[in-house]
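Chains as they are written, first to last, in the numbering used here: chain A, 2 to 450; chain B, 66 to 512.
If you are wondering where the hints come from, they were derived from the structure by calculation, not from laboratory data.
Incorrect hints may appear among the rest.
To spell it out: a stretch of chain A is covered by chain B in this simulated footprint if at least three of its residues, at any positions, have a beta carbon under 8 Å from a beta carbon of chain B; those stretches are [stated by the list, open to error]:
#, region
1, 8-14
2, 340-354
A few chain B residues facing chain A, derived, Cβ under 10 Å [claimed, not checked]:
#, residue
3, Val168
4, Ser357
5, Val361
6, Leu384
7, Phe386
8, Tyr390
9, Asn444
10, His448
11, Gly455
12, Lys457
13, Val463
14, Phe466
Virtual Cβ for every residue (Gly too), placed ideally from N, Cα, C.
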Amino acid sequence: MYKIKLAIRYFFRRRISYLALGAVALCVFIVVVVMTVMTGLVGDFKKKNHSFTGDCVVGTESLVGFVYYEDFVKILGATDFVEAVSPVINSFALANSEGAEGSVGLEIIGIDPVLHSRATGFAETLHYHGDDAAIAFQPDYDSNLAGCVVGVELWLNRNSKGEYFYDSSPVEAAISVTCFPLTAKGALAKAGTDVVNTKTFYLSDFSESGLARVDSSVMYLPFEDAQVLCGMGGPARRVSRLHIKFRPGVALEEGCQKVRELWAEFSDKTSSEQYAGLLAGVSVQSWKEHRREFIAAMEKEQTMMTAMFGLVGLTTVFVVFVVFYMIVSHKTKDIGTLKSVGASNCDVMGVFLGFAVLLGAVGSAVGAAAGLVFLRNINSIEGWLFERFGFQLWDRTIYAIGEIPHRMEPAMVLVVAGCAILSCVAGAALPSIRAAKARCVESLQVSQI
Amino acid sequence: MLKLFLWLRYLGKRRVVLLSVAAVGLSCALLIVVVSLFNGFIGAFEQSAVDAIGDVVLSPGRKFEHYDELIEQLEELGVVEAATATLSAQGLLHLDKGDVRAVEIWGIEVQKRGKVTAFEQSLLNEKKTPTSISSEKGIESYIGVGVLARPDEKTDEYDFNAVREEIGQEVVLTTGSTTLATGGSVAGGQGEKREFRRTTMRLVIADAIFTGVYYLDNRVVYVPIERLRESIYPKSGPIAGQIQIKLRKGCDMEVALAAIRGVWGVFASERLGWEPYQIQSAMIESASQLQSRYVVEIRKQMGVLLLIFGVVSMSAVLLIFCIFYMIVETRRKDISIVKSCGASSVSVAAVFLGFGAVVGVAGAAIGTGLGYIVTRNINAVEHSIGKLLGLKLWKASVYMFSRIPDTVDWAGAVPIVIAAIVAAAAGALIPAIIAARTRPVDILRYE
Numbered sequence: 002m003y004k005i006k007l008a009i010r011y012f013f014r015r016r017i018s019y020l021a022l023g024a025v026a027l028c029v030f031i032v033v034v035v036m037t038v039m040t041g042l043v044g045d046f047k048k049k050n051h052s053f054t055g056d057c058v059v060g061t062e063s064l065v066g067f068v069y070y071e072d073f074v075k076i077l078g079a080t081d082f083v084e085a086v087s088p089v090i091n092s093f094a095l096a097n098s099e100g101a102e103g104s105v106g107l108e109i110i111g112i113d114p115v116l117h118s119r120a121t122g123f124a125e126t127l128h129y130h131g132d133d134a135a136i137a138f139q140p141d142y143d144s145n146l147a148g149c150v151v152g153v154e155l156w157l158n159r160n161s162k163g164e165y166f167y168d169s170s171p172v173e174a175a176i177s178v179t180c181f182p183l184t185a186k187g188a189l190a191k192a193g194t195d196v197v198n199t200k201t202f203y204l205s206d207f208s209e210s211g212l213a214r215v216d217s218s219v220m221y222l223p224f225e226d227a228q229v230l231c232g233m234g235g236p237a238r239r240v241s242r243l244h245i246k247f248r249p250g251v252a253l254e255e256g257c258q259k260v261r262e263l264w265a266e267f268s269d270k271t272s273s274e275q276y277a278g279l280l281a282g283v284s285v286q287s288w289k290e291h292r293r294e295f296i297a298a299m300e301k302e303q304t305m306m307t308a309m310f311g312l313v314g315l316t317t318v319f320v321v322f323v324v325f326y327m328i329v330s331h332k333t334k335d336i337g338t339l340k341s342v343g344a345s346n347c348d349v350m351g352v353f354l355g356f357a358v359l360l361g362a363v364g365s366a367v368g369a370a371a372g373l374v375f376l377r378n379i380n381s382i383e384g385w386l387f388e389r390f391g392f393q394l395w396d397r398t399i400y401a402i403g404e405i406p407h408r409m410e411p412a413m414v415l416v417v418a419g420c421a422i423l424s425c426v427a428g429a430a431l432p433s434i435r436a437a438k439a440r441c442v443e444s445l446q447v448s449q450i
Numbered sequence: 066m067l068k069l070f071l072w073l074r075y076l077g078k079r080r081v082v083l084l085s086v087a088a089v090g091l092s093c094a095l096l097i098v099v100v101s102l103f104n105g106f107i108g109a110f111e112q113s114a115v116d117a118i119g120d121v122v123l124s125p126g127r128k129f130e131h132y133d134e135l136i137e138q139l140e141e142l143g144v145v146e147a148a149t150a151t152l153s154a155q156g157l158l159h160l161d162k163g164d165v166r167a168v169e170i171w172g173i174e175v176q177k178r179g180k181v182t183a184f185e186q187s188l189l190n191e192k193k194t195p196t197s198i199s200s201e202k203g204i205e206s207y208i209g210v211g212v213l214a215r216p217d218e219k220t221d222e223y224d225f226n227a228v229r230e231e232i233g234q235e236v237v238l239t240t241g242s243t244t245l246a247t248g249g250s251v252a253g254g255q256g257e258k259r260e261f262r263r264t265t266m267r268l269v270i271a272d273a274i275f276t277g278v279y280y281l282d283n284r285v286v287y288v289p290i291e292r293l294r295e296s297i298y299p300k301s302g303p304i305a306g307q308i309q310i311k312l313r314k315g316c317d318m319e320v321a322l323a324a325i326r327g328v329w330g331v332f333a334s335e336r337l338g339w340e341p342y343q344i345q346s347a348m349i350e351s352a353s354q355l356q357s358r359y360v361v362e363i364r365k366q367m368g369v370l371l372l373i374f375g376v377v378s379m380s381a382v383l384l385i386f387c388i389f390y391m392i393v394e395t396r397r398k399d400i401s402i403v404k405s406c407g408a409s410s411v412s413v414a415a416v417f418l419g420f421g422a423v424v425g426v427a428g429a430a431i432g433t434g435l436g437y438i439v440t441r442n443i444n445a446v447e448h449s450i451g452k453l454l455g456l457k458l459w460k461a462s463v464y465m466f467s468r469i470p471d472t473v474d475w476a477g478a479v480p481i482v483i484a485a486i487v488a489a490a491a492g493a494l495i496p497a498i499i500a501a502r503t504r505p506v507d508i509l510r511y512e
């Protein structure tokens, strides 16, 4: 009990300890704010990637695609863990909108909007037909025309709040799409005559996935049209990928593993078929593996930032060390008295380490509370800075970022607080050992008093 | 002399002071590395634009004819060293079975481009002006190394030997252009009915291009401007979409831009017969002006990061305060003796303030050294971390360049060093005042 009492007493009586408290609180505040913003950005980015991809992807990077996908879709549909499967055509095309002088190279994704909305979050990205994805490819101005959904960044600009300038309905626009049709062997189809396929589509909706690279380079086309344009139709019909969504409760890795097993079995069974060679390059990936090229970069930045904070946080350990060194130097009489009434070395050490824990806990609480207040107001502070001084943390006309993430993750705060307490204990360790080693006979001799 | 003696004595005897030196050094090193990396990145960003498109770009927003005459007139200006025309289009490149890439096609004047940009230096095989090859197989082309090969997943490096094997191979490029449905000139005008006409070009790879800039290496295919024009605008005479200009060394950018605008105005009006609004809508900007919007954002991010680390570095000031307070507390007898020998309060305060500054200077020197070593070896550090953890931290696909900028920004480091010394002295201020207020009579009396 006396250990707690002494720790509390030192904490309130020794004003120098407020400095250590300030250093800990400052560090915790900065780390909590930066980590919340970064974790929020990374989490949001992952969520959008998950929504864009679905849970699992069976596919190939080759633009030739793979065959016999319909049989595998049936196999997946018969299982109890798959909720939806969406076959997808993925290729490149040249797009030219009516009246424009040049053409734009972009990525085309051929989908069945209903199936794709079941397997991924496609419907939620649509601006005009979000509540009924079935009519995503039906232009409002003429439902008989072949429609296309365009990545919003290809067509519209953002304002300073990051919002797009949408019209009340999609503008009437014809876009001619030109593709390379490839044979099942990967050669150019129609070689020697005309190696490209062209078809005109009409703008029916915009897709706003929140992923800058997707929204600025992707155009969605009806599945059958895309299949013909890319030369994937005919007797050996091909697709680029199958996007799969698992039933609720199915763990990601467990589901992916089951799909891998099913795919291995399916490839074995079809190994003697004419186009079985195309199945060799097909892989089964979870959404995280499929989008790792993009996600990993952000995660690495977060890790690097954490490492840099760890480095700077060392200074706080130094501050705690110096403060405890001073306190121990000033409290030789107390230490001597404690030892003379029977306190062991460990007890004395316990007093100072307890004090360090208290300091770390209170410093973390103060820092986290200040961080919470700051984060709650971070967007209004940024809004005020923008109104008054034209300053934005991120220019929303350039970056696809909405509001600054401000939701504190309790687990993250606990980890940061834990690290802060450990840093205080580390800083106080040497002075505590010095206190524990003090001999009462030396501390209490008249010359010392 | 007394002050110097005391500083050295405290530095040698009070080893705890070394902690504050270490803290100042650590913070200083971190800030110098951050400022060097960001400014290096900005420098590389701006230089990449100059290397790719020259010092100034004249972009009228529509294709125009008689560009050779405009170039001649520009080169007669004292401020212009050379100018070259380009014509761009988008296309799909069929490299091999199942391997199709979306690319940007730049029609260039092959012989002249090296005088305006760093085109020659970026050629993989020929580091000199390429001699125009006339191949029956197809049109000579220079293709970005990233279009021909993918970098290694772990090292992010290209297999240049494999890329060299691609040289001489034939590839097929599909592109197109809009043409007027009925009559009119290619330059066109508002309200004219246009339609898209696709074209297929058979190319032979003359060389590969490696600039170290991700976008250029992964997206661009260079072909002779005339061959591109013949393919996509067969009915038109020589046309260009852009003029890229290299300025003479040491000339003033604003003067040069004004002179170029003048030449363009006269040319567009007299030779092309354009209306004043069409002439004025032409964009004539320096390469750095073209990048300025993004540079501002990068600078802003650097400012925010420096602010965050600067605030965290305030802990070092607290540390110095604690240490100096401890020294003053334990050295009251010394202070009293010095004062009793006639030293004024100001002199005593100066001892501690000066000592604070010495700590700042020592910390800043160590920090600058550490910052220099880390920045200069940042690629090796990144490589070692990558080897250790099995991951690549710096990827050209994410950060635009294949190498991390490793030049120390001394101009950016100077304010950091000064701030470190001032902060260290500020940390020592209150203990110095306490020391100055010490009354010898209170401390030295014997009771």
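Structure versus earlier hints, numbers of those that do not hold, lowest first: Hint check: 1, 2, 4, 9, 10, 11 and 14 fail, others pass.
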